[in-house]
Amino acid sequence: MDLNLLWFGLLGVLLAGYAVLDGFDLGVGILHPFIRGDRERRLAINAIGPLWDGNEVWLVTFGGALFAAFPEVYATLLSGFYIPVMVILAGLIGRAISLEFRSKVTSPRWRAYWDASFFLSSFVVTAVFGLALGNVVRGVPIGSDHEFAGSLRDLLHPFAFAVAALAVAGAAMHGSIYLYLKTEGALQERVRPWMTWTFAAFAVLFVAVTVFAVATIPHATANFERWPLAWLVVVLNVLAIANVPRAIHRRRPGYAFVSSSCTIVALVFTAAMALFPNLALSTLDPAWSIDIYEGSSSQPTLRLMAIIAAIGMPLVCAYTAIVYWVFRGKVQLDEHSY
Amino acid sequence: MELDLVLLSRAQFALTVMFHYLFPPLSIGLGLIMVVLEGLALRTGDMRWEVMARFWTRIFAVNFAVGVASGIVMEFQFGTNWATYSRFVGDVFGSALAAEGIFAFFLESGFLAVLVFGWDRVSPRMHFFATLMVFLGSCFSSVWIVVANSWQQTPAGHHIVVHDGIARAEIVDFWAMVLNPSAPHRLAHVLLGAFILGAFFVMSISAWYVLHRRHDVVARRSFVVALVVAASMSWAMLLSGHGQAQMVAEHQPAKLAAFEGHFATGTDGTGLYLFGWPDAEARRVHYGVEIPNLLSVLVHGDPDRPVTGLDAIPPDEHPPLVVPFLTYHVMIALGMAFIGLTTLALYFWWRGRLFDQRWLMWTFVFAVPGPYIANQAGWVAAEVGRQPWVVYGLLRTSDAVSRSVPEEHVVFSIAMFSLLYLALFALWLFVINEKVRHGPGPLPEHGRDHDLLQDAVEATRRRGAEGL
Chain G
37 MDLNLLWFGL LGVLLAGYAV LDGFDLGVGI LHPFIRGDRE RRLAINAIGP LWDGNEVWLV
97 TFGGALFAAF PEVYATLLSG FYIPVMVILA GLIGRAISLE FRSKVTSPRW RAYWDASFFL
157 SSFVVTAVFG LALGNVVRGV PIGSDHEFAG SLRDLLHPFA FAVAALAVAG AAMHGSIYLY
217 LKTEGALQER VRPWMTWTFA AFAVLFVAVT VFAVATIPHA TANFERWPLA WLVVVLNVLA
277 IANVPRAIHR RRPGYAFVSS SCTIVALVFT AAMALFPNLA LSTLDPAWSI DIYEGSSSQP
337 TLRLMAIIAA IGMPLVCAYT AIVYWVFRGK VQLDEHSY
Chain F
10 MELDLVLLSR AQFALTVMFH YLFPPLSIGL GLIMVVLEGL ALRTGDMRWE VMARFWTRIF
70 AVNFAVGVAS GIVMEFQFGT NWATYSRFVG DVFGSALAAE GIFAFFLESG FLAVLVFGWD
130 RVSPRMHFFA TLMVFLGSCF SSVWIVVANS WQQTPAGHHI VVHDGIARAE IVDFWAMVLN
190 PSAPHRLAHV LLGAFILGAF FVMSISAWYV LHRRHDVVAR RSFVVALVVA ASMSWAMLLS
250 GHGQAQMVAE HQPAKLAAFE GHFATGTDGT GLYLFGWPDA EARRVHYGVE IPNLLSVLVH
310 GDPDRPVTGL DAIPPDEHPP LVVPFLTYHV MIALGMAFIG LTTLALYFWW RGRLFDQRWL
370 MWTFVFAVPG PYIANQAGWV AAEVGRQPWV VYGLLRTSDA VSRSVPEEHV VFSIAMFSLL
430 YLALFALWLF VINEKVRHGP GPLPEHGRDH DLLQDAVEAT RRRGAEGL
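Chains G and F, in that order, give the protein sequences.
Quick note, in our numbering, the first sequence goes up one by one and the last residue is 374.
Quick note, in our numbering, the second sequence goes up one by one and the last residue is 477.
These aren't lab readings, by the way, just hints derived from the structure by calculation.
By construction, the Cβ of each residue, glycine as well, lies at the ideal position given by its N, Cα and C atoms.
Just so you know, not all the hints are guaranteed correct.
If you only want the chain G side, here are some residues facing chain F, beta carbon under 8 Å, derived [to be verified]:
| # | residue |
| --- | --- |
| 1 | Val96 |
| 2 | Ser115 |
| 3 | Ser334 |
Based on the provided sequences and hints, a complete structural model is requested.
Below is the structure:
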């Protein structure tokens, strides 16, 4: 069994899990300014209240797994993306602070301040994640010594900004569907058109990013030519995207949510296909790229971690399921709420 | 001014890790108290225990959130600031970190939601189970992080492999890595430190309530539970500290010599400084008070056998002296103070006069910074005492930084985290203060009277709804 391949796949699973789960709560943050009135804002926040913290653990575990499985890649990309990573960390801390502290004082000015900070941090985190992912797919200047050889300016590429916009639109779409699922009455009716708007923005940006990638990044489609079956995922992705407005129209938000989740998973898969077998692409010389064999830990470590994952992942799924089950249904405010 | 990348990166790491470590020990320590209180509530059916558990859970939730927010940084800053270190240790260190994520963080965060938001959604048994899982999760998390750090102190179970001219450590024996010589001792030490901190935190707030005659029942019961925990853990800490020092003497003699300000090995017994100020230039301890031969007794059990001094270590492998010496001595002095204070309080409790000793109650109100300082000082001593190595004997700190990161970026991140953490800390203080001022919910008049309890819960809920 090819353990390097397994870990490439598992990292994809962790990243997709993070994008699907934290995606909706980041999206709720991005939509926050459009929600009017303290009660409704509290309802929206409490719709993600018990869940956002656990969702972020997927990111933490992704970081740990990347460190363990591909230390070269972890070291090169994180030190190369120094400022973006710091901004993401600041945003994640800012979000946690906003969510926790907003509810502690009733003064409108206090709440307005944390509302703004909740929106801003959610927006920045999502956009910078998109920016970073865009750069990973496109490639960055990496030298022969596996060290990042560029500057911050190299990361501010139009393609990266396009992916950042796609990430924001995708999270907003995913988040609006989630809110629609979890709310009722007037608030739910207010959320309904947002699903359409965010979907439109997402669909346009999806086409734009796809065209941009195919036109300007030659390696992006190489693997699809090698394994034509991979096109199936792209086709399914388009079907899933198309199913979102259909499900919204038929008032089946559950289907819409499943569809947008599938879309996010398919996008992560597409990005992985564009990279494979590399993890860190060098724009200076393809020979200096770090692939899943050069950048990995030793075989015994990968095997050991596969055992850890085999024991751990079912547990993770079990307690994620328990928590989502306990907090199922429409959101209600009670004494424990934010 | 010339900016030094190594110094800046060390400052950044010290800032983020020390700030982060203000919170996890309280989560672990308070978690234990909550498990005890909820267990008592389930066992006795006396709902007053549950009122207490609910109160401490609210404080726990705030502390936990700040811990998670500051902890995410930890998972990524090895890569951002210490890329060379990451390449070197990834094969060994990374697997412990990944195990921490999969086994510990998911357990904690998943059940935290049930713990905080689930009081009225799940049965009391299920809730107790969630509390237990959160507590265990926080303990697991310390297991893996202490294992990884201990491997840096006393590397084992690995070999060095060279790829493309770059050396790195790879695991050959997982269990030898996990059970590296210092790991079990240090894990016990870290957990005991956290339990003591949590117990002192509970005693501080409870003593304040007792002194102000508020929430008397809750405060007195919480105080006694915490006192028993604090006293037993402080005595256990004495044993743990002793074993730990012997282990350091065996595996990291340079570190122990720095802790003790011990310069010349000599030929007969080594003394122990109670306090002093080490001077590396003059190779002696100023203003020191020394008990002759005591260090030899403690380390070797033989008053005449010398302990290795700094003269036996190559000069370019000497750790700094002042910081390890002072932090180590502060930690030990505080540990002794905890034993004295909790034993005295136990005595008064046994005589039934504990809560009449107002001076003692006031002492406990203001004693809570003690365990915080002791926990931090212990880590500073351990980490600075390991210098100049980041992985003892294998990789120097000065070789471990990210070479591609410009100094100004590190300055930016230090400034950014300083501001964020200042805000975070102010908010933590503010919210904890609010929770304490608000206090626990009202008590049922008779422990087992279900209707009264329902009334009390309803009243809290109404008040909570209005308050929010």
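Hint-by-hint comparison with the structure:
1. Interface restraint check: Val96 of chain G against chain F, minimum CB-CB distance 5 Å, threshold 8 Å, status holds.
2. Interface restraint check: Ser115 of chain G against chain F, minimum CB-CB distance 4 Å, threshold 8 Å, status holds.
3. The interface hint given for Ser334 of chain G holds, since its Cβ lies 4 Å from the closest Cβ of chain F, which is under the 8 Å cut-off.
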